[in-house]
Amino acid sequence: MFRVIGSGSQPINWKNVIVNWPKGFAAFIGQKTLFKTRPIIGFIHALVAWGFTFYLIVNVVDVIYGFIPDFHLLPNHFIGDAYRFFVDSFSVLVLLGVVYFLVRRFIVGDEKLATNQTVMLSDAARVGMRKDSLLVGLFIISHVGFRFLSATFEIAQHQADWSQPAATLLSGLWQNMDLSSLVLLEHISWWLALGLILGFLPYFPYSKHAHLFMGPLNFMVNIPRRSMATLEMIDFEDEKLEQYGAGQFHHLPQTQLLDAYACIQCSRCQDACPAYQTGKELSPSAIEINKRYFVNENLSKLSDGQLIDIPLTQWMLSEEAAWSCTTCGYCVEVCPVGNEPMVDILRARQDLVMMESNFPKDAMESFDKMENYGNPWGLSPQDREKWMEGRNVPLMREKKEADVLYWAGCSGAYDSRGKEISQAVVDVMNKAGVDFATLGNEETCTGDSARRIGNEYLFQMMATQNLETFEQYKFKKIVTQCPHCFSTLKNDYAELGTELDVVHHSQFIGELVSNGKIKPEPWMEDDVTYHDACYLGRHNGEYDAPRDVIQSIMKGGNLVEMEQTKEESFCCGAGGGNMWYEIDKGERINKIRFNEAASTGAKTVATACNFCNIMMEDGMKVTGHDQDMKVMDIAEMVMKGL
Amino acid sequence: MDILVVLEDNRGSLHRMSKEAIVGAQKMGGSISVLAIGNNANGLANELSNIDISEVITVNHDLVSTYSADGYSEVVKQVIEAESPSTILIGHSYQTRDYIPRVSTKLDIPFIPDIISMENGLVKQILNSKLNATISAATDQKILSFQSSAFSEEAMMPGNCSSRSFNVDLDSSLVRSESEDPFQEAAADVDLESAELIISVGRGIEKEDNIPIVFELAKVMGAEVGASRPVVDSGWLPSFRQIGSSGQTVSPKLYLALGISGAIQHVVGMKGSKNILAINKDADAPIFEIADYAVIGDVLEIIPKLTETLKG
Amino acid sequence: MIVGGFPFLFLYSPYKLPIIFYFFSKGIKMKIAVLVKQVPGSESVLPILGDTTWIDEAQATFVMNPPDNFAIEEALLIKEKIGEGEVVIISMGPSRVQKVIREGLAKGADRGIHLEEDGTIETDPLSNAKSFTSVLKEENFDLVLSGLQSDDTGMGQTGVLIGEMLGMSTATLAMEVEIQSPTIRVKRELESGWFQWVKLKMPSAISIQSGLNTPRYPSLKGIMGAKRKEIKVVPASDHQTHSKSQSIDKVFVPQTSKQTVVIEGDADSVVSKIVNILKSDIKVI
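Chains as they are written, first to last, in my numbering: chain A, 1 to 642; chain B, 643 to 954; chain C, 955 to 1239.
Derived by calculation from the structure, the hints in this document are not laboratory data. Here the structure is a predicted model, which is why all the values come from computation and not from measurement. Accuracy of the hints is not assured; some may be wrong.
What the hints assert, rightly or not - List of simulated lysine to aspartate or glutamate pairs, DMTMM-like, C-alpha gap at most 25 Å: (1) C/K1183 <-> A/E442; (2) B/K849 <-> A/D628; (3) B/K772 <-> A/E371; (4) C/K1033 <-> C/D1010; (5) A/K400 <-> A/D435; (6) C/K1053 <-> A/E356; (7) C/K1233 <-> C/E1145; (8) C/K1053 <-> A/E186; (9) B/K923 <-> A/D628; (10) C/K1053 <-> A/E442; (11) A/K386 <-> C/E1092; (12) C/K1175 <-> A/D309; (13) A/K591 <-> B/E850; (14) A/K630 <-> B/D924; (15) A/K361 <-> C/E1011; (16) C/K1175 <-> A/E365; (17) B/K913 <-> A/E385.
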């Protein structure tokens, strides 16, 4: 297995295991990652997992018991009794848990465990997943079951042992058996229980059960990222670099190959993947499962170091699937074993864009527009200052230095709603007496869209330009209108070598309110629901600042939450370049999300991101709510109270 | 002669742009000769027998019985050399683009194309029609072509004229091309990108049931139908009709925006239109910022009446 | 015997296969020139110079002339189909035009030629054609492709002028191109939805209509590789003729710029006003 992982690119720094072992250990024991979604299932799994871990000790003791007759761990001592109690309880819990899971998968047929037929998922996988689950389930039931039975037979030979209540109860069944049969049955059960482990071992590398080790290992060796979509920088100056992004198996970074082994095929990542839930060809779980089955099928070749020449788009994810991703990060957020399907998609996109030149035509036009005009709409750079007309907005090229640099971004300068939001932010800053300035038409696109679509080269070009502009002026902090700009300037530009102090306008306004610099009058009488922006929330962990800002202007109404909120928020659909091209399949993502917002009963949907604002407003029109509902940016809400 | 107008045959009759060029010549004043080439030269000459020009010159040679760039350019060159007009006029058609530059080279005289007006010098549009330029020739002899509708054929002055044939000296090795018969292609998918007239519908149409009235109007006007994103999102029209940043980019002669607000995702797809007429209930709709004609009214009332009026 | 012996030698020589291929391949190696122009972008500001002779180029945003993109793509497609050939990108202008030449090289062209201008802005197509011809004639191109017209002056004739000067056959508005060496078959677009196929003897100068193909986006390898490809620079003095047969005297903003005409009123009066506009102003009915 490790040779297979070793065939990938970007070698794992195994020394990190020594440094990070607490992470892996905590993940394993705490089982915290399982509770993020599907908490009940997570709890039952926790019981099974703890039981299984405990069984490590049990197996050792049992082996000793096999060699030393009548060996019992600390008999007649309360620790030994406690031990036996735990063994007994966990045996029952594990058995019940696994039976529950098998029933759920095979009899009830929970659809969350399956993947749509539109998604490219190898037939071997579709069949194999079920087979694997069945085998693993049966293995556990058999191993634990026979061990449990062995205990019952042992008790039946001697006397009731109430530190093992369940076993004792069951041993009542064998009361009338003769001693030699009991001994025989006890030995058979013992052999079966331990023998099954040996039998299972060769199957282990092919089974999802490998997650036992690979999951915690994943947490230990995962490359720390500043934010979910911030991939490692590609050095274009490096003449030796021949491959950009991932087009084939061995181009995938080793941590991504480890992901395939860690994947437990639970498909939590599908639950709120905006592409999957609207019928597109993309499923993050299919990506990981396809990888796993690819590895399984080619195990001998891969561990021999052979390179397999099949493009990823033929077995891992289809081209359309790659473009359907909105980079919302849900799959990364909820994965219990620390997988990053989104990183696979981004690496695949890099190959498709930079090596194959094979990507949606509209995206190509956006690239040309970004390159020629500095914004994805292809509007004149001179028009970037139109939103400032009639307002007191100091320009950086005149002021030369200021405390705060307000970054309007392309949406904030060109989009009609974006301009209104920029105006609101600037009005708030003026009311608070903030010393700020803006770059006006010296701003050029941060390159976020280019980077997420996979055009790393264009992104670095835009970034270099902006960094050069920044050098000319002095400022302490950048406040952005848009979360995409926020995340890119803060995280991706830092990877290029320049750390900038960047905050989003919701955070900045939040600070102003809590410092008393502005005191907005509460005015909102109706309920409001807040739609978490992916690049503010999941990507950068900011869920509270926008909510605090909204609360500051609430008068009669309440801030109500949608069901899929905060870390589980459902994307508006504009990220990952999807603002600039259309994947025409299934439902429109924004319509689904808007319906969810409307179902809370709130009359106003609050947003913190221009793209979300555009998507929600479109969603509002499409669902026929444009007369009875409104979409407002939080800056606008604050301004109304000042 | 002062002016030589070169005619174009449009599948058996005189091309509209040739008539417009004659009007231009009449406005310029001076003696006007008109050149007809090909196996229908006499037919074209007959169409002009009642027009106020000096004469029609016909060239009917085997090698130029049908159009070829090689043949026509050589004929025009020889006629110009023989007759020495100071100005050669022609309509700016696809055929003109194909062979007149050859004449320009052969005689080393300038070809000033696509002229929209002669009021204060020769005016041509430049830079995507954003600016105009006044152009002058450095030579005495020049070739000018007029943009479609720069002049109106209705302004052609009647009179009478004579006609004569002209003998050209053509070598059989002259024509290096073989043309097949022209054909029309079946209108496959809707091609918004090359459509000249587009009627586009937005949320102001209110219901899917109202969409047919838009198609009625389109049929009467000979226009294609486009849509803004919300209409496509609602499933009222298929996505190939979507115009905007994640849809088609169009630049028709007329863009009729019905009930479209004018959000930027839509506008970037159509602002290259030469004329924009927008109808919307909301006087503050952003579409009015880029429209040439802003009609503030209810599309549901206006469209049916417009269709009726145009039908009659 | 020598004469008679030759066919024998040919037929029975073990070298006959290479000889056949030599003649075969010689027939289908294509040398294609693509003329490209760098023009102000459709969204660029266009401030007019004080003396109104042209726009202030220092403030404009320049891009590859969009129709030329289709010509480059067509040239690359032809080369790929034939299998062997050379695509040369040629542009005239100040040093900034090297950017569009590099774009062509990044997409897959083999080399570029930059005709320098001496600072004056030449708008006369005849003069420009003479410049290009002086450089093209020694190269013996099979095909000279150009976009239909340029987005700046829009004269739409330079390709055909050059064709005539080089003694090539010419065709314009090509919607499809088929190479059947030594002829080329071109589907020309005619007005009102009509088309016509024309067969020409090469060498030919063809102007390409927009929309006949989908221009590719250069791959990163292409962009990197373009930096190493050759661009030959031809100094202005070597080619500029300044034979100005025509020139632009003045550039100005059209009188009828965007003045929104507002129309209100009851439906009937609005409709009659609209009909009037459609008929007389816009002239579409």
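Quiz item: Is the straight-line distance between the alpha-carbon of C/K1175 and that of A/E365 25 Å or less?
Solution: 19 Å, holds
Quiz prompt | 25 Å limit on alpha-carbon distance, applied to hinted pair B/K772 and A/E371 | solution = Between B/K772 and A/E371 the Cα gap is close to 23 Å, so the pair holds against 25 Å.
Quiz item: Taking 25 Å as the top limit, are the C-alpha atoms of C/K1053 and A/E356 close enough?
Solution: 22 Å, holds
Exercise. Would you mind confirming whether the straight-line C-alpha gap from A/K386 to C/E1092 stays at or under 25 Å?
Key: 52 Å, violated
Quiz item: Given the proposed pairing of C/K1175 with A/D309, does the C-alpha separation stay at or below 25 Å?
Solution: 20 Å, holds
Quiz item: Holds or violated: A/K630 with B/D924, Cα cutoff 25 Å?
Solution: Status holds; Cα separation ~17 Å.
Quiz item: Regarding the pair B/K849 and A/D628, is the alpha-carbon distance no greater than 25 Å?
Solution: 17 Å, holds
Quiz item: Are the Cα atoms of C/K1033 and C/D1010 separated by 25 Å or less?
Solution: 38 Å, violated
Quiz item: CA of B/K913 to CA of A/E385, is that 25 Å or under?
Solution: Roughly 20 Å separates the two Cα atoms, so the pair holds.
Exercise. Could you grab the alpha-carbon distance between A/K591 and B/E850 and see if it respects the 25 Å cut-off?
Key: 17 Å, holds
Practice problem: Take a quick look at whether C/K1053 and A/E442 sit within 25 Å of each other, Cα to Cα. | Solution: 22 Å, holds
Quiz item: Can the restraint linking A/K400 and A/D435 be considered satisfied, given a maximum Cα separation of 25 Å?
Solution: Satisfied, since the Cα-Cα distance of roughly 12 Å is no more than 25 Å.
In the structure shown, a violation is registered for the earlier hints numbered 1, 4, 8, 11, 15, in ascending order.
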